[in-house]
Amino acid sequence: MNLTMVVNGSSHELDVAPHSLLLDVLRDSLDLKGAKRSCDTQVCGACTVLVDGQAVSACTYLAVEADGCSLLTVEGLADGEALDPLQRAFLDAGAVQCGFCTSGMLLTARALLRENAAPSREDILHYLRGSLCRCTGYRKIVEAIMTAARTTR
Amino acid sequence: MLRPFTLHRPETAEDACALLATLGEDAAPYAGGTELLLLMKLGLLRPPHLVDVKRIAGFGDIADGTRLTIGATVTHRTLERSPLVRARCPLVASVARHVANVRVRNVGTVGGNLAFADPHSDLATLFLTLDATVELVSPRGRRELSLAEFVRGPWETARRPDELLASVRLSPWPTGTGAAYVKFGVHERPTLGIAVALRLDGAGERARVADARVAIGCVSPRPMRVEAAEARVNGVAEAELGDVTGAMADAAAESVDPADDLHGSAEYKREMVAVFVRRALRVAVARARGAELSASFPHAVVA
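In the order they appear, the protein sequences are chains A and B.
Residues 207 to 359 (the numbering used here) are what the first sequence spells out, left to right.
Residues -15 to 287 (the numbering used here) are what the second sequence spells out, left to right.
Isolated chain A (complex conformation) (with noise of 0.2 Å):
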């Protein structure tokens, strides 16, 4: 099937079977190995990507649903050398440890906060539900989204 999306702001049009998971399609298809494969099951949040600024779990989509979208993920993040305010803050933070967890924390995160400009803490746990960290305890990771949104604001 025809597949047409735009990805980081490039257009793509690619030839999937209807089978093709969207994670597959980006990491294998156009080299983009942020998302993780990881749970495969949608508890981990290590395969998000956002189509058309919501987030999702590439590991459980079909390709073919992005068919005329606008897809984003953490390759897409950054403005060449220049960090998006949500990397700066993590890395200021320290919110990343092994870094498995970040490409889809940074972007529930920029979810997140296309919904909600001013997130309190109590919004930025719920809305991580379902992105696990092993690794920091998640407390940098929500000190760091609510740094990104005072300094976006």
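No wet-lab data here; the hints were simulated from the structure.
Every residue, glycine too, gets a C-beta built ideally from N, C-alpha and C.
Some hints here could point you the wrong way.
Claimed, not checked - Stretch by stretch, here's where chain A covers chain B in the computed footprint (C-beta under 8 Å, at least three residues):
| id | region |
| --- | --- |
| 1 | -12 to -2 |
| 2 | 18 to 28 |
As the list claims (entries may be wrong) - Some residues of chain A that are not near chain B, with every Cβ distance over 12 Å (derived):
| id | residue |
| --- | --- |
| 3 | 212 |
| 4 | 214 |
| 5 | 237 |
| 6 | 340 |
| 7 | 341 |
| 8 | 357 |
Take the given structure of chain A and dock chain B to it, following the hints.
Using the frame of chain A, we list chain B on its own:
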């Protein structure tokens, strides 16, 4: 990895049902895929054909009337944020906000949730207290079933192979109803979900409980209304509720049919039913009075 399949994208319910009738058990209706694709990845289901129902006109609509009609492909996220749902069935919106995680809510649909018939479904449990009915369409026409008739058991519904779940209809509670949905657990899916709704008839100390509704999910083969527990509080004066909540909680614990599993032993689940029925009742009574309890319970979400 998914096994190959053919994806059909009909634009009318008639075309979708005709496909289902022709393909029979080789086809599975598909919407958000949040449940179906997981089972297909595990190889537990291997349908050679998926019939995408998201393009069918009307399936994504929410419509007001005497009852609130929610189309089958309305996502949890839409339910959570719909001004109409918030106005007519506010607890439905706030329970939808706590289903799974935001990625599942963005994609997963109300119809998919009900048709999958997971005994742990938050929505199915809550909907039982809203006298929910489901509308099924097929080449033979339409029929309406109560949600209790539709969900037959774990992952089993009354849907025939050529039928599609088109919508669910809810009867909003009368003004003055106080309600709460409390879910408890530490796993991805809840260990227990309890919905309690009731009104207080009359003023001040003479106010009596009326129209109590109690539904319990996760701890029986399917979510169930518990009339035995409702009967213990109906007609009881608010001031005397403390005397009957123990009996109400016991009636609820005796009515459920739990199994030993990863969520805990059957005995433990019965005990938790008794504990959380009491808690949900307290929150619902406070809300019927227009107040909000500041109670928070470990490992539990109060919606």
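Review point. What hints, given by number in increasing order, does this structure fail?
Key: none
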